[in-house]
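J.: Kindly generate the complete structure, drawing on both the sequences and the hints.
Residue numbers (numbering that gives the first Met the number 0), protein chains in the order written: chain A, 0 to 489; chain B, 0 to 115; chain C, 0 to 491.
Warning: the hint list may mix true and false statements.
To be verified - The calculated EDC-like cross-link candidates involving lysine to aspartate or glutamate, where the alpha carbons are at most 16 Å apart (straight line), are:
hint, chain 1, residue 1, chain 2, residue 2
1, B, Lys97, B, Asp112
2, A, Lys439, C, Glu53
3, C, Lys362, C, Glu453
4, C, Lys361, C, Glu110
5, A, Lys439, C, Asp159
6, B, Lys97, A, Asp154
7, C, Lys361, C, Glu443
8, C, Lys111, C, Asp57
9, C, Lys161, A, Glu433
10, C, Lys111, C, Glu31
11, C, Lys442, C, Asp369
In case anyone wonders, no lab produced these hints; they're calculated from the structure.
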Amino acid sequence: MLSHLPILQVIVPLLAAPACLLLDRARAAWLFACMASLVSVVISGLLVFQVHQFGVLSYSLGGWDAPWGIEYRIDLLSAYVLLIVSGIGALMILAANTAIRIEIPPERQPLFYVLYLLCLAGLLGIVATGDIFNVFVFLEISSLATYALIAQGQDRRALWAAYQYLIVGTIGATFILIGIGFLYSLTGTLNMQDLSNRLPQLENSATAFTAFAFLMVGVCLKLALFPLHLWLPNAYAYAPSIVTAFLAATATKVAVYLLIRFHFSVFGVGFAASVLPLHSIFLALGLAGVFVASLVAIQQPNVKRLFAYSSVAQIGYMIIGIGIGSATGLQATLLHLFNHALMKGALFLALAAVVFRFGSADIRHFAGLGQRMPWTMAVIVIGGLSLIGVPGTVGFISKWYLVLAAFERDWWPLIIAVLLGSLLAVIYIWRLVEVAYFWKGEDEVCREAPLSLLIPTAILALANIYFGIDTRLPVYLSDSAAQMLFGVSP
Amino acid sequence: MLPELYNYWVVIVLMMIGFYIVIVQGNLIKKLIGLNIFQTSVFIFYISVGKVADGSAPILAEGVDVYSNPLPHVLILTAIVVGIATMALALALVIRIKNAYGTVEEEELQERDLQC
Amino acid sequence: MTAILALQLTLIVPLCGALLIALCGRWPNLREAVTLSTAGLLFYLVIQVFGAVERGGDEAAALYVELWQILPGLHIALHSEPLSILFALVASGLWIVTSVYSIGYMRANQEKRQTQFYVCFAVAIFGAMGVAFAANLLTLFLFYEILTLSTYPLVAHKGDDKARAGARTYLGILLATSIGLFLPAMMWTYFVAGTLDFRPGGILDGNIGGIGATILLLMFMFGIGKAALIPVHRWLPAAMVAPTPVSALLHAVAVVKAGVFTIAKVVIYIFGLDFLVDVPHEVVAVYIAGFTIVVASILALRQTNIKRMLAYSTVSQLSYIVLAVLVLTPLSEIGAIVHIVAHAVAKITLFFAAGAIYIASKKTEINQLDGIGFRMPITMGAFAIAALSMIGVPPTGGFVSKWYMIAGAFQIDSYFVLIVLTLSTGLNAAYFLPIIFRAYFRKESVAPPKPHGEAPLPMVGAICVTALLTLLVFFLNGPLVAFEMAVLGVPR
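T.: Dropping the structure here:
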């Protein structure tokens, strides 16, 4: 049983999805989906433990060995990302039952859980598999589910946002498909391990370079790297709140994982540097993303949109970490994967509570919210402090490593730029705090969100503080993963 | 150069046509047609890559020892399925957009959003 | 009880106290009993720690607890040395007095949300204790922010528009400066020095260039917004919308003293006096502090509201401490440390008196105070003593600290400092003496609608205690100075 964990991680939610379809009552579907996602958390926990204990796990699907069959390969990096995705996925679904009550009509609620589980399965599959074509398949599974999930939003603009995302996402996925095709025609294999062995001999091949370029652009479309981020704010703003929370905390993380996987494991660190100044490009785009997105975020009247832009900015930080091009920089990126999942998860869940009470996350509903929904606002403050990077929260840890990585290279302008970026975050968080605590609310009476929504939110908020103080787990995992990625292909 | 690499040229031309339609067309359905052409070009790319010179269809038969590579064909079957699913979802979205907005023209959509 | 246990309990006790106060919210008498006993217990614990520091030797050296390691090299750790124990003693000791006072104040004024008030108060003391005993800059920063956040509800206590506006300035300036300047300065320090521990002699010597050190020093000075240098001082007058006990303890003792205490810690244990003397433009910092002293005194002169005048007086007095710290001579450091105590007890007396006047007569403006000395002789007597201490007249604590400051300025022949000190003494006299004059030598112009005497007994008692302490600082300055000499590495 334990040796089958890599495939169980993916197959449990994948099979639970159609099973969910058979349950036509929302509550039953919810309970079932909860069970499935809790099981996948347990599995990912066990996987982390196993990888820690025995090293890389390789699983041959259907008993077909690696180069012919599909291999599932769990190393520290994938175990780490699996843990993030399944953990957040489970927390979100705990809150989903309440959160979707007003946003999705009852007869469609069971279908919501089906889509949710499919999306989760797709994301987990991308991370678990060691076969690049399989990556494409799972990418499309999760993307299709995501488009449908976004289209569930109350506002009709959700449909339009989903359509736009579909076009952009499909182009991105097709780019990835082209890249995979080139790689296959060049090396004759789809297995990542084989690819990473064969590609170094082909360093000067134009085909390899073309494949790399297509893969990078395709992945960057999915992870909403500035300036390919235009689909993201609409999609996040109009999707049902719980979907936004789930996507913000997981989907972009998986895309960043994919970028790291292609860049470091498959092609190797040296490859990109030999053909184009990829790291400089990443640094430039990352910084531009941080500043432009933060500045736009400051002006948003809709808080969901505000945090969507803030997500684009935070992705910028992750890309900067990769762009620094050292193990510490990569560790900063990996830490930020984890930490950003926690903070955005908490923030968007808190917004879900606001939407639950007011029907939208417009900033005018925030007037006086500090008195009306004190706990929800407290979570937003904690998440905001974390976004800024105040010590005692997880945001500080990732920013600390980012600055540390820049310091190792003696890149003072970068350090200053990162710190200035944090100040922009101060501005948009402060705007929210000011409205919530210092403006007078209209007289409509409004109570705190129900406990079923508040508890998962509070768990995430506390995790923001807990992992800001007890950093052993994420630091250990990200450190080992970064060492591994730089060690395998120096 | 052209003759032996003509399959690539076909792919590139189709791809650009598809891409152009996606960008330029304001009609949501036409956009999808462009997207479809775009995807199809990649399918053709995969299929043509699997061709081995003088190879026959990859079916075991006496007297034949050069086969085309079947793997890309199998892969692309999967990709075609994915493409169909995407298209179905996209069309469903367009129907719902039509219901919600009463139009499938991009400019009119934006106008109607601005009005409310 | 071992001192090390007492040291850890100084953080746990106020936190548990806050929890208990919240639980006892429905029984006001029980709640107040909890507040008082927590305050008493905390003071006892600080005394225990003090004893160990006083005895010196190995026991004092071992007063170090590492609570948690965040990252390698970044710890949350506690340590007690003479400077921190002094701040802890002042904050915890005056908490008892203030608790007694606030019980009188809050009940007489029938304030709403009293439970929230006492809970936040206890959490703020928790923050102050953490600031006092922090063994490194990171720990200090964490508790500094806890102190900011926990005092925000106290400032906004009244809940009306004015309170909200004041609280907004308060939170905005304190958070922006700490995140925008203090935090980057801290990271910079870590990256050049490789540690954030407070060490005798500093950690920056040889790790940073001259200009860099000047910029870093300025980042710390303005980043530590609680020290209220101009132009980041505006939160302090804004915070005067808070109930008077809050202004008294937090904005005369815990919060503002946390600010100057942090600056003293940074100058003495991060930069190191010997290193800072050689930093080329360090004197810029002295000018900024001197400028703040004079300008804030002038602003105080123009205030008509008692509490706002006291707030500006605080801004000016805080800069005395910053100035003295930056003069960098042993005597001026002692002056700064003594002034932390002397100003704390005197300013809390002044605020107590202002609150007592408000409770007894609802008067808040200076020009209403004609003849009030006859109605409230004890309160105004205490007020006079404290005001004399502000000016620096013996036999009050303010005289001692000013004496050391002037002596320190002579050590380096800094005429700028001497002129600033003289000028501000004159200005202090100019805004305090007229109040005393009004209170005793003018007749009431209009009789109050309701004849009143002194404020409720708990308040008067508290005022007497702090006024006595103001005098005690003068008479007991010998032991105090001897004890604090250890900060400068002088063995006792």
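J.: Checking against the hints above, which ones are violated?
T.: 2 and 8
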